[in-house]
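A.B. asks: Residue-level listing of the chains:
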Amino acid sequence: MATTIRMPEVLANVTEAAVQKWLVAPGDAIAVGQPFAEIETEKAVVEYTAETAGTVLELLIKEGDNVDVGAPIAIVGEAGEVAPASPAADSSAAEPAATAAPAEPAPAAAAPAAPEQTTAAPGGEAHPGARRFISPLVRRLARERGLDLSSVTGSGPDGRIVRRDIEALVAGAAAPASPAPAAAATAAPASASAEPDLIPHSRMRTTIARRLTESKSTVPHFYLTADLRVDRLLELRREINAIDGVKISVNDLVVKAVAAAFADVPEANTTWSDEGRLRHRTADIAIAVSLDDGLVTPVVRGVESLTVTALSAAIVDLATRAREGKLKQHEIEGGSFAVSNLGMFGTQAFSAIINPPQAGILAVGAARQAPVVVDGALEVGMVMTVTLSADHRVMDGALAARWLAAFTARIENPVSILA
Amino acid sequence: MPKQRRLESTAPWVELSTTAADWKAADPALLATMLGQLHLIRAFEERVLDLAAEGLVHGPAHSSIGQEGGAVGSIVGLRSSDAVNGSHRGHHQFLAKALTHVAQGGLDVDALVTADIQTVLQKTLAEILGLAQGYCRGRGGSMHLQWFEAGALGTNAIVGGGAPMATGNAWAQKRSGTTDLTINYFGDGAAQIGSVLESMNLAAAWKLPVCFFVENNFYAVATRIEESVADTRLSVRGMGFGIPSWRVDGMDPLAVHLAMEQAAEVMRSGGGPAVVEAEVYRFFHQNGPYPGSAFGYRTKEEEAEWKKRDPLERVAREMIKLGLIDEAGVESVRAQAVAAMDAATEPLLEADPEKQGRRRIRPELWPDPNFVDVGVRGDASELDPLTALDPSTSDAAREETKFVDAVAGVMERRMSQDDRIVVLGEDIHRLKGGTNGATKGLADAFPDRILGTPISENAFMGLGGGLALDGRYRPVIEFMYPDFMWVAADQVFNQVGKARHMFGGDNPVPLVLRTKVAMGSGYGSQHLMDPAGIFATSPGWRIVAPSTAADYVGLMNAALALQDPVLVIEHVDLYGEKDEVIAGDLDYIIPPGTAAVRREGAEMTVISYLSMVRHCAEAIEQTGVDAELVDLRWLDRASIDWATIEASVKKTNAVLIVEQGALGTSYGGWLADEIQRRFFDWLDQPVQRVTGTESSPSISRVLERAAIARTEEVVAGLETVRRNAGGA
Numbered sequence: 000m001a002t003t004i005r006m007p008e009v010l011a012n013v014t015e016a017a018v019q020k021w022l023v024a025p026g027d028a029i030a031v032g033q034p035f036a037e038i039e040t041e042k043a044v045v046e047y048t049a050e051t052a053g054t055v056l057e058l059l060i061k062e063g064d065n066v067d068v069g070a071p072i073a074i075v076g077e078a079g080e081v082a083p084a085s086p087a088a089d090s091s092a093a094e095p096a097a098t099a100a101p102a103e104p105a106p107a108a109a110a111p112a113a114p115e116q117t118t119a120a121p122g123g124e125a126h127p128g129a130r131r132f133i134s135p136l137v138r139r140l141a142r143e144r145g146l147d148l149s150s151v152t153g154s155g156p157d158g159r160i161v162r163r164d165i166e167a168l169v170a171g172a173a174a175p176a177s178p179a180p181a182a183a184a185t186a187a188p189a190s191a192s193a194e195p196d197l198i199p200h201s202r203m204r205t206t207i208a209r210r211l212t213e214s215k216s217t218v219p220h221f222y223l224t225a226d227l228r229v230d231r232l233l234e235l236r237r238e239i240n241a242i243d244g245v246k247i248s249v250n251d252l253v254v255k256a257v258a259a260a261f262a263d264v265p266e267a268n269t270t271w272s273d274e275g276r277l278r279h280r281t282a283d284i285a286i287a288v289s290l291d292d293g294l295v296t297p298v299v300r301g302v303e304s305l306t307v308t309a310l311s312a313a314i315v316d317l318a319t320r321a322r323e324g325k326l327k328q329h330e331i332e333g334g335s336f337a338v339s340n341l342g343m344f345g346t347q348a349f350s351a352i353i354n355p356p357q358a359g360i361l362a363v364g365a366a367r368q369a370p371v372v373v374d375g376a377l378e379v380g381m382v383m384t385v386t387l388s389a390d391h392r393v394m395d396g397a398l399a400a401r402w403l404a405a406f407t408a409r410i411e412n413p414v415s416i417l418a
Numbered sequence: 000m001p002k003q004r005r006l007e008s009t010a011p012w013v014e015l016s017t018t019a020a021d022w023k024a025a026d027p028a029l030l031a032t033m034l035g036q037l038h039l040i041r042a043f044e045e046r047v048l049d050l051a052a053e054g055l056v057h058g059p060a061h062s063s064i065g066q067e068g069g070a071v072g073s074i075v076g077l078r079s080s081d082a083v084n085g086s087h088r089g090h091h092q093f094l095a096k097a098l099t100h101v102a103q104g105g106l107d108v109d110a111l112v113t114a115d116i117q118t119v120l121q122k123t124l125a126e127i128l129g130l131a132q133g134y135c136r137g138r139g140g141s142m143h144l145q146w147f148e149a150g151a152l153g154t155n156a157i158v159g160g161g162a163p164m165a166t167g168n169a170w171a172q173k174r175s176g177t178t179d180l181t182i183n184y185f186g187d188g189a190a191q192i193g194s195v196l197e198s199m200n201l202a203a204a205w206k207l208p209v210c211f212f213v214e215n216n217f218y219a220v221a222t223r224i225e226e227s228v229a230d231t232r233l234s235v236r237g238m239g240f241g242i243p244s245w246r247v248d249g250m251d252p253l254a255v256h257l258a259m260e261q262a263a264e265v266m267r268s269g270g271g272p273a274v275v276e277a278e279v280y281r282f283f284h285q286n287g288p289y290p291g292s293a294f295g296y297r298t299k300e301e302e303a304e305w306k307k308r309d310p311l312e313r314v315a316r317e318m319i320k321l322g323l324i325d326e327a328g329v330e331s332v333r334a335q336a337v338a339a340m341d342a343a344t345e346p347l348l349e350a351d352p353e354k355q356g357r358r359r360i361r362p363e364l365w366p367d368p369n370f371v372d373v374g375v376r377g378d379a380s381e382l383d384p385l386t387a388l389d390p391s392t393s394d395a396a397r398e399e400t401k402f403v404d405a406v407a408g409v410m411e412r413r414m415s416q417d418d419r420i421v422v423l424g425e426d427i428h429r430l431k432g433g434t435n436g437a438t439k440g441l442a443d444a445f446p447d448r449i450l451g452t453p454i455s456e457n458a459f460m461g462l463g464g465g466l467a468l469d470g471r472y473r474p475v476i477e478f479m480y481p482d483f484m485w486v487a488a489d490q491v492f493n494q495v496g497k498a499r500h501m502f503g504g505d506n507p508v509p510l511v512l513r514t515k516v517a518m519g520s521g522y523g524s525q526h527l528m529d530p531a532g533i534f535a536t537s538p539g540w541r542i543v544a545p546s547t548a549a550d551y552v553g554l555m556n557a558a559l560a561l562q563d564p565v566l567v568i569e570h571v572d573l574y575g576e577k578d579e580v581i582a583g584d585l586d587y588i589i590p591p592g593t594a595a596v597r598r599e600g601a602e603m604t605v606i607s608y609l610s611m612v613r614h615c616a617e618a619i620e621q622t623g624v625d626a627e628l629v630d631l632r633w634l635d636r637a638s639i640d641w642a643t644i645e646a647s648v649k650k651t652n653a654v655l656i657v658e659q660g661a662l663g664t665s666y667g668g669w670l671a672d673e674i675q676r677r678f679f680d681w682l683d684q685p686v687q688r689v690t691g692t693e694s695s696p697s698i699s700r701v702l703e704r705a706a707i708a709r710t711e712e713v714v715a716g717l718e719t720v721r722r723n724a725g726g727a
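Chains as they are written, first to last, in numbering that gives the first Met the number 0: chain X, 0 to 418; chain U, 0 to 727.
Bear in mind the hints are in silico, worked out from the structure with no lab data behind them. Only a predicted model underlies this, so the values are computations on that prediction, with no experimental measurement involved. Glycine included, C-beta positions come from ideal geometry on N, C-alpha and C. Careful: at least some of the hints might be erroneous.
Said to hold, decoys possible - Below, a sample of chain U positions facing chain X; criterion: calculated Cβ distance under 7 Å:
no., residue
1, 290
2, 294
3, 652
What the hints assert, rightly or not - Chain U stretches covered by chain X per the calculated footprint, using a threshold of three residues with CB under 8 Å from any CB of chain X:
no., stretch
4, 682-696
5, 717-724
Whole structure, please, built from the sequences with the hints as guidance.
C.D. replies: What follows is the structure, encoded as structure tokens:
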């Protein structure tokens with residue numbers, strides 16, 4: 000008996016998704032738990048594993064097509080079985096023009112139409128079996144401000160999303176896209192034509208655009224810059240990397256120093272919520288990872304309790320899986336602070352946009368040789384410029400300055416990072 | 000065996016018929032005028048039926064063909080300042096009054112149709128066709144013909160509905176010191192209905208110069224009079240009320256005229272009302288161009304017998320007999336009348352380009368569809384010269400008073416300033432200010448303007464309506480309990496509420512109706528409604544519902560100045576309350592569109608009125624909800640303060656409408672509907688409501704409390720809104 004595989008709700012409240020890549024082909028025998036498809040949502044790409052054993056009879060949507068959650072995407076049956084409604088099996092094929100709809104004609108019939116629904120209303124319209132209730136006010140605000148309600152949990156009757164819930168969103172609910180500057184501006188088209196090439200927005204691009212606009216327009220940013228002597232830090236890194244089998248980056252040490260600075264100034268580890276400020280006990284730090292056309296910010300949790308090598312391994316793992324589109328939702332949520340490092344591109348200094356609900360982001364430039372004055376004498380030293388973007392709602396200037404001083408002290412006395 | 004003495008009515012009751020001597024004695028000019036009017040009306044009615052048969056008359060055309068004698072005979076002798084109103088079958092009465100008005104010296108049978116008469120015919124026909132040039136701009140049509148200048152108060156499609164208003168008109172005529180009179184025409188079908196009988200009683204009790212004129216044509220549509228009454232001599236009604244009554248052959252216009260002369264003498268000399276019954280016969284069915292026999296409820300033979308008594312032929316015959324006219328002359332009168340109708344019809348119709356051989360209304364003559372709601376009420380510009388004051392924001396000095404004393408106080412002040420104001424109601428002149436003290440001191444100060452009425456709400460409400468339409472007086476009606484509006488519903492809603500709009504939108508209906516909500520007083524299921532919802536959903540009325548004494552003063556002053564019917568709702572809970580008014584000022588108004596924000600808040604908007612405003616304030620206090628409390632003051636669609644509501648809803652995004660009374664007839668339904676459509680995108684939850692339960696409050700104290708809303712129910716409502724705001 001053939002089974003229809005439907006687009007799973009891979010993330011809570013996501014209403015549509017696309018198969019980014021089929022991991023099976025028609026005719027493949029599959030087992031429960033076997034990777035079946037990479038499902039791309041607005042937030043992340045997740046690997047969907049088969050929940051039904053059998054043979055893939057038919058794939059109903061093309062890679063890249065968006066369909067509603069719940070829409071049929073594939074038919075799985077027994078080997079040799081023919082998808083029930085395929086023309087070959089239908090003896091009454093008197094109308095060859097009839098759609099070659101696969102099993103379960105009624106739901107399948109909806110599938111061809113689904114890919115056209117690429118621009119779902121921001122209000123998160125109803126989809127089969129999971130009607131979401133949204134108050135008229137919230138619908139209007141979402142429309143006007145381009146808010147995405149898909150991750151909002153309604154607290155009104157029957158889960159209705161009400162004003163209060165969207166206020167939380169505006170103030171900065173889970174925002175997967177990194178606030179860090181895009182890895183590189185899209186190069187000017189080489190074409191001789193004067194007309195620009197239109198590059199359709201990817202989901203990630205849309206999300207970045209929306210999230211960062213929201214952050215920059217609703218979170219009051221202010222910026223503190225410091226030049227750090229990193230000669231000793233670089234020396235420490237060499238020493239550690241001299242240990243066989245260990246390879247850590249400057250950034251790993253920077254992230255570790257961030258956590259240490261929070262230990263020094265715990266009141267800076269605070270984020271905003273409507274009900275009050277949230278004082279965090281652990282240093283959950285997001286790392287900006289640039290992708291081919293976009294970026295994500297997976298979160299390393301409890302950085303203060305990780306060794307540098309463990310931290311490094313965690314960052315490598317997250318970055319690798321980020322590039323493979325295999326991050327899990329919980330890995331891109333939360334965090335109280337972020338680090339964005341463009342040093343590898345030679346960038347000397349920049350400032351970054353905060354990624355709500357985080358309260359700050361540290362923009363890290365390249366370590367460079369620079370003239371420095373020590374005890375009145377000019378010498379050459381390794382200098383790294385960092386810029387802290389802070390959320391003024393939770394952190395005033397003096398607090399931010401104290402934190403930055405603590406961070407500077409940690410970097411400039413790097414052994415303390417390891418302590 | 001008990002001793003018996005035969006009793007008789009105090010009023011005379013006579014049957015009057017003419018003799019040859021009467022015809023000979025009649026003024027030839029009178030007979031000529033009657034002949035001319037009869038032919039003009041007949042030709043007019045025939046034209047209406049022709050047009051109806053062509054499908055050009057929208058709705059029923061109640062033909063008076065055969066009945067012209069009653070109207071012409073009774074109206075031909077009237078002054079323009081005398082008035083008539085009539086029923087659904089009223090073309091003949093309207094035309095007779097209009098023709099008598101424009102041809103004061105009578106009609107000339109050799110030159111029957113003057114320019115004025117031609118105008119009357121065309122304007123009347125245009126009205127019946129529903130065209131903009133009609134007397135009521137096409138709104139009234141066949142059944143609502145009004146021309147005040149001619150003394151045509153308006154015909155009426157509710158059986159008996161015109162009687163109370165005719166009585167009111169007669170009251171104004173009498174009180175003004177004139178000897179004018181009013182005739183209310185109705186048919187045999189209306190001779191049993193409450194409005195007519197209540198009006199007869201009121202007119203007799205107060206000796207008002209109104210004639211109740213029964214056109215007894217024996218059929219209420221298809222029901223014969225014998226099926227409806229025991230005594231088919233309907234003028235017998237007068238005997239029950241002590242009203243002098245005449246019975247007369249309505250197919251004999253001179254007999255009708257002579258009977259009316261006698262009746263008029265009684266009425267003009269202060270003798271009170273009269274009843275005149277004229278036996279007539281409509282040659283056609285209730286409406287349309289077919290005889291009644293075609294519908295099987297009467298015979299062709301009966302119709303043929305009556306046709307022999309055609310009033311047109313009767314007058315012509317008698318005039319020929321007297322040598323006043325010859326056959327050719329009569330033919331000429333007929334020809335002139337038909338030609339006049341051709342001339343009246345021609346400008347209204349044209350060949351239908353889509354249907355060969357058919358005609359249609361000239362399209363440019365229809366009313367503009369945008370006119371549809373114009374004149375439901377006036378524009379309130381009459382309030383412009385008055386001084387407005389908002390006690391909720393004024394810092395003027397206050398003085399303490401009981402709420403009910405402000406009620407009586409402002410009325411006394413207005414009555415002392417405005418001689419036109421008269422107050423009508425049950426027991427308002429006794430008990431030291433009526434049943435609640437709301438008219439305290441008024442009967443002493445204005446003994447002839449505080450009118451204790453018989454218990455007949457339909458009659459005295461309609462009498463007030465007649466006064467309002469007449470315009471010389473400002474009626475203030477009191478209903479002791481709001482539920483009595485059902486008893487008087489025809490006059491309240493069909494007549495007073497609709498009159499301005501229905502008759503074209505120009506003639507105002509300035510009237511104040513006071514009543515008190517009495518929930519909590521134990522008066523039970525038939526006394527304890529809140530009338531706001533019913534009035535708010537009925538056309539024409541404005542509504543105020545003051546929650547404070549100072550507001551009462553300003554709102555009553557506005558109500559008394561407005562040219563519209565205004566319902567003033569009071570509440571027994573408020574009467575005894577210690578309150579305060581603006582010291583030394585009983586003259587300011589609170590104009591329509593002025594709500595009061597009793598408390599500012601951000602969490603939700605609470606909208607209420609009357610006594611529930613205080614309950615809302617208490618509930619807000621108890622719950623600590625940061626609610627914005629809007630006291631509406633003006634409740635009707637035209638007068639409600641949308642600006643204040645809009646600002647509040649946009650601020651709070653949540654609305655709770657609070658009222659005390661029963662769910663079914665509640666006020667908040669329409670308002671919730673309007674709010675959700677106006678402000679849908681500003682609402683974060685459904686518009687919530689506090690009302691009573693479905694049942695009408697019972698007499699049992701416990702059940703009454705359970706049926707109505709007070710502070711506890713408002714608390715629950717506030718909590719519901721809060722729950723719906725989420726975030727829990």
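A.B. asks: All the hints need checking, so say for each whether the structure fits it.
C.D. replies: Here's how the hints hold up against the structure:
The interface hint given for residue 290/U is violated, since its Cβ lies 61 Å from the closest Cβ of chain X, which is over the 7 Å cut-off. Hint status for residue 294/U: violated, given a least beta-carbon distance of 56 Å to chain X, over 7 Å. The closest approach between the C-beta of residue 652/U and any C-beta of chain X is roughly 5 Å, which is under the 7 Å cut-off, so the hint is satisfied. As drawn, the stretch 682-696 of chain U meets chain X at 3 residues by the rule of a beta-carbon pair under 8 Å; at three or more, the given contact holds.
Here's how the stretch 717-724 of chain U fares: 3 of its residues keep a CB closer than 8 Å to some CB of chain X, so the rule of at least three is met and the hint holds.
In summary, the structure is inconsistent with hints 1, 2 from the numbered list given earlier, while agreeing with the others.
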